[in-house]
Amino acid sequence: MLVYWLDIVGTAVFAISGVLLAGKLRMDPFGVLVLGVVTAVGGGTIRDMALDNGPVFWVKDPTDLVVAMVTSMLTILLVRQPRRLPKWMLPVLDAVGLAVFVGIGVNKAFLAETGPLVAVCMGVITGVGGGIIRDVLAREIPMILRTEIYATACIIGGIVHATAFLYVFSTAGKRQHDGYGRHAVHSAGGHSLAFEIADVCPG
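Residues in the sequence shown are numbered consecutively from 1, following full-length UniProt numbering.
Certain hints may be false.
Said to hold, decoys possible - Using C-beta positions, here's what the derived DEER-type ranges look like:
1) F30 to S170: 46 to 54 Å
2) L74 to T171: 36 to 44 Å
3) L117 to V92: 26 to 34 Å
4) R139 to P29: 14 to 22 Å
5) L117 to T171: 17 to 25 Å
6) I141 to T171: 29 to 37 Å
7) L77 to V9: 18 to 26 Å
8) L2 to R26: 33 to 41 Å
9) W88 to I156: 16 to 24 Å
10) L78 to A164: 30 to 38 Å
No wet-lab data here; the hints were simulated from the structure.
Glycine included, C-beta positions come from ideal geometry on N, C-alpha and C.
Given the sequences, and given the hints that come with them, work out the whole structure.
Below you can see the structure in the form of C-alpha cells.
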C-alpha cells in the first residue's frame, strides 16, 4: 500500500513539474495539460514498451492517468503566474518524482525477470523518461543532460535499489530453503525462483 501511494505522489509531482514548465513557456491550456500528463506517465510508458510488458501500465489501470490529468488541471487553476515561482521549484519536484519512479522501475524490471543491469537501466528510464519528453516538447535541453548530479543520482539510486531488492530476495530464498518462505515459487523450467510482491504498484 505504501508503494502504491508513493506512485500516486510521484505521478502528481511530475504532472505539476510539466504544468509549471508549460506555464512558464506560455502554452495554451491544452498544451499545458499534455505536457503535465506526458511528464507523469512518459517514463513508465517507455519502460513497459521496452520490457514488452503487455499493455502499458496506464492502459491496464488508468489510475495514474487520471491522477496526472486531475493534478494538471488543478495546477492550471491554482497557479496563476508560474513564471513568478522560484527557480528551484522545478528541480525539486523532479527530484521527488525521480526518487519514487527509479525504485518503481527497478521493481518492475525484476518482476519481468531481467538482470540487475537492465533493472537499473529501466529504473533510470522510468525516472527521467517523462522529463526528457517534456523538455523535448518544450524545446529545452533535457535536464539530465544539463545537470550532472541529476544523471548521477538516477544511476546511484537505481544501483542502491537493485542491490536492496536482490538482498531481500536472496534472504527470502534462503528462508524458502529452510522451509519458512511463503512467496517463493519455482519457475516452469525449475532453474530460478520468482517472488511475488503483493504491494508493487502498477506504475
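Status of the hints after comparison with the structure:
no.: 1; hint: F30 to S170: 46 to 54 Å; result: holds, 49 Å
no.: 2; hint: L74 to T171: 36 to 44 Å; result: holds, 42 Å
no.: 3; hint: L117 to V92: 26 to 34 Å; result: holds, 30 Å
no.: 4; hint: R139 to P29: 14 to 22 Å; result: holds, 19 Å
no.: 5; hint: L117 to T171: 17 to 25 Å; result: holds, 22 Å
no.: 6; hint: I141 to T171: 29 to 37 Å; result: violated, 43 Å
no.: 7; hint: L77 to V9: 18 to 26 Å; result: holds, 20 Å
no.: 8; hint: L2 to R26: 33 to 41 Å; result: holds, 38 Å
no.: 9; hint: W88 to I156: 16 to 24 Å; result: holds, 21 Å
no.: 10; hint: L78 to A164: 30 to 38 Å; result: holds, 37 Å
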